[in-house]
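Those letters in the sequence shown? Residues 2 to 225, per the working numbering, in order.
Certain hints may be false.
To be verified - As a list, the in silico PhoX-like pairs of lysine-lysine whose alpha-carbon atoms are at most 25 Å apart:
hint, residue 1, residue 2
1, Lys-176, Lys-146
2, Lys-187, Lys-167
3, Lys-100, Lys-43
4, Lys-38, Lys-53
5, Lys-187, Lys-30
6, Lys-146, Lys-121
7, Lys-201, Lys-30
8, Lys-196, Lys-30
9, Lys-52, Lys-201
10, Lys-121, Lys-53
11, Lys-121, Lys-52
12, Lys-167, Lys-20
13, Lys-167, Lys-19
14, Lys-146, Lys-30
15, Lys-52, Lys-196
16, Lys-201, Lys-20
17, Lys-201, Lys-167
18, Lys-146, Lys-19
19, Lys-201, Lys-19
20, Lys-201, Lys-146
21, Lys-19, Lys-204
22, Lys-196, Lys-16
23, Lys-20, Lys-196
24, Lys-145, Lys-19
Because the hints were derived from the structure by calculation, they are not lab data.
Predicted model only: the values in this text are computed from it and were never measured.
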Amino acid sequence: MEKRCEIVRDGKRNKRQKKIVETKEEEMKNFESYIIKKIESKEAVGNFDSKKLSFVYAKRLTEYKRPLHAFSLLDLEINLILSGPPIDEIGRRTLEEIKRLSKMGYPVVYVLNYDSEVAKNLLKAYAWLNLAYFAREASGTSYKKALMNGTMVITTSCGSVPEFIKDEYNGFLVKDDLSDLRDKAKRVIEVYNDKNEWAKMIKNCFSTYSVLIDRVIEEFKKLR
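With the hints as extra help, turn the sequences into a complete structure.
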């Protein structure tokens, strides 16, 4: 009888995991359609391959957020989607690099006119990059929204990241010098190919906020 109960529980767990993955895959398809429409309407420039996973870098293009490092991942057979206004010389160089690489046929896209509506759609991608220097990010918000969407986050321990992300549990932490960025990106791709692990990580992303809410409630109780 005990064994039968375990089988039933495993069956329910597998169904939940399958549903989690199917829901995220549907979101990713919506993301792909969005990018293709943006390119067709000239609201985005570059090349997109719907057969590849998409990694997004969407924020102000500026020196301390290190957008240029994202290009080192292109040979991993991914789409690299960028968006955000150029703030300084590094930002302008980023746009030039996007133009150069897209002319060479690389799957890199720049979405124009970054705003809350664009951000909402980009958050549906498979993975999110957050590469700011450890000591120069006050808090950071984009990766938190990515977590809420079950998107795989690759990030330095900048700003508030240590309070939200545990490495290989609900995200992937990279060293401040980004020396392990490629290795972490490869791990993120491996997770996609293991649907059980992917489902667990998506679930962990969602549970991050329920845990924080419980902690806040406990802290308020102490103040009474």
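Tested hints:
1. Lys-176 with Lys-146: holds (22 Å)
2. Lys-187 with Lys-167: This hinted pair holds, its Cα atoms lying about 18 Å apart.
3. Lys-100 with Lys-43: Holds, at about 14 Å.
4. Lys-38 with Lys-53: holds (17 Å)
5. Lys-187 with Lys-30: The given pair, whose Cα atoms are some 21 Å apart, holds under the 25 Å limit.
6. Lys-146 with Lys-121: Between Lys-146 and Lys-121 the Cα gap is close to 9 Å, so the pair holds against 25 Å.
7. Lys-201 with Lys-30: holds (20 Å)
8. Lys-196 with Lys-30: Roughly 17 Å separates the two Cα atoms, so the pair holds.
9. Lys-52 with Lys-201: holds (23 Å)
10. Lys-121 with Lys-53: It holds: about 21 Å lies between the C-alpha atoms, which stays within 25 Å.
11. Lys-121 with Lys-52: holds (22 Å)
12. Lys-167 with Lys-20: holds (24 Å)
13. Lys-167 with Lys-19: holds (24 Å)
14. Lys-146 with Lys-30: Roughly 19 Å separates the two Cα atoms, so the pair holds.
15. Lys-52 with Lys-196: At roughly 17 Å apart (the allowed maximum being 25 Å), Lys-196 and Lys-52 satisfy the hint.
16. Lys-201 with Lys-20: holds (12 Å)
17. Lys-201 with Lys-167: holds (14 Å)
18. Lys-146 with Lys-19: holds (23 Å)
19. Lys-201 with Lys-19: holds (10 Å)
20. Lys-201 with Lys-146: holds (18 Å)
21. Lys-19 with Lys-204: OK: Lys-19 and Lys-204 at ~11 Å, within 25 Å.
22. Lys-196 with Lys-16: holds (12 Å)
23. Lys-20 with Lys-196: The hint holds at about 11 Å.
24. Lys-145 with Lys-19: holds (24 Å)
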